[in-house]
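Chains as they are written, first to last, in our numbering: chain W, 1 to 298; chain H, 1001 to 1160.
Among the clues, some could well be false.
[Claimed, not checked] Taking beta-carbon pairs under 8 angstroms as the criterion, some of the chain H residues facing chain W (in silico):
#1 Ala1041
#2 Leu1045
#3 Ser1047
#4 Gly1054
#5 Gly1139
#6 Gln1157
Quick caveat, the hints were computed from the structure, so don't treat them as lab data. We put the CB at the ideal spot given by N, CA and C, even for glycine.
Listed here are the chains, written in short residue letters.
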Amino acid sequence: MPPILRWTLALAVLGIAAGWLLTRPQGFEAAALDGVSADVAHGEQVFLAAGCASCHVAPEAEAEDGAPRVLSGGQRFASPFGTFLAPNISPHPVHGVGGWSDAELVTAIMHGVSPDGAHYYPAFPYAAYGRAEPEDILSLIAYLRTLPESDVPSQPHEVGFPFNIRRGLGLWKRLFVPEGWVVDAARTPEAARGRYLAEALAHCGECHTPRNVLGGLDTDRWLAGGPNPAGEGRIPNITPGGLDWSESDIVAYLTTGFTPEYDTAGGEMVAVIENLSQLPEADRQAIAAYLKAVSPVE
Amino acid sequence: MLNTRLLAAAGGLAAAIAANASLAESHIDPAIEAAVKARQAHMTLYSFNLGLLGGMAKGEIEYDADTASSAASNLARLAGMNQGRYWPEGSSIDDIENTRALTAIWTEGSEVMTHVDTLVKAAATLEGAAGEGLDPLRGALAEVGRACGGCHEDYRQSDD
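Work out the full structure, taking the sequences as your base and the hints as a guide.
In structure tokens:
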């Protein structure tokens, strides 16, 4: 074999090996959960803050007062990369996630990796949930296990080449899943709580922050809004550069859905408010304080 | 020469067609236009009365049982009005400008009337609660907000 060919071959092998390592799904140490306790009632609060039901209930399913939500999946989420279908995450042992261990579920929710080691698409906001406290996620899982089972099978995503190669998401995660918080300063415990809710559980940035061509969040324009990836309309800028509401206006909006002009929320925000309005008022106040601390973007 | 004349004629024809098309576009059936105006005015009346109640709930306006009650009564009357003629077919966002009403309002399986019932009930509860104190007012107002949002979620184009 001529030397040039040998070198090329060696470099190719090295490149493949590097790519393999870079895209490898990151494991999760089950031991990290030792001594972390779960609380079902607290888990319900996490469930509301994290908005799980908004995406995972069946399409058109309406919330009924007091009735537990059935997380049978099936809602469709269009994007420039294809259409994603929310899976069944009810505790059904076959069609849901009832057979998964706590560690497997924490890995899925916080790291975006399935029990068989595949990357999830970031339509699932694991980048945000990865900032959460493991204790909160364990409580969430304990609550999810109390919900009704659904035997509706999950449907495959409708994603074409090259985005159907899940391994590539390993690289995407390295590029676009930032470590830590986006907003550095959280001067008061209230703003810190608000940051935890907004950046981790409620994953506000997933819709309110514009994305680059590869679907990564443009954190320089954090919460500055942009075109709606699902189609018509725009998602508003909720930084102080785009939203001039007072903190009490924001709290009232997240409680009743009324804007300061007494119009109401529409679209996806209705479900968000449905959830956030059930949290303690102090949490909505904290989100308002956080939004005031975000860097203004015009 | 012939070519130039032909071209000029074709150009004139194209201009005429374009003018016609734009005339057709700007021509809205006055009945539709009036209905859209009426329903938007109705929404304005909701928000005017909600503004007082919401201001009290937020603590921006001092709570007063009588004014709260009368605003809530107005809302209940407004919610109960027959709005059938506000919503003629052909007045959706796909038909005309200046509306965000989605065609789903008129398609089979539309649940608009269910949302109207929800609003009527929530407004009646608010009418009873508004004069009873700030906390009952706040609770009942949130339910009215849910009723409004429930319909706007599916039947109004979202740009907020």
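Verification of the hints:
no. : hint    : verdict
1   : Ala1041 : 14 angstroms, violated
2   : Leu1045 : 11 angstroms, violated
3   : Ser1047 : 4 angstroms, holds
4   : Gly1054 : 5 angstroms, holds
5   : Gly1139 : 10 angstroms, violated
6   : Gln1157 : 6 angstroms, holds
Going down the numbered hints, you'll see the structure goes against 1, 2 and 5, while the others check out.
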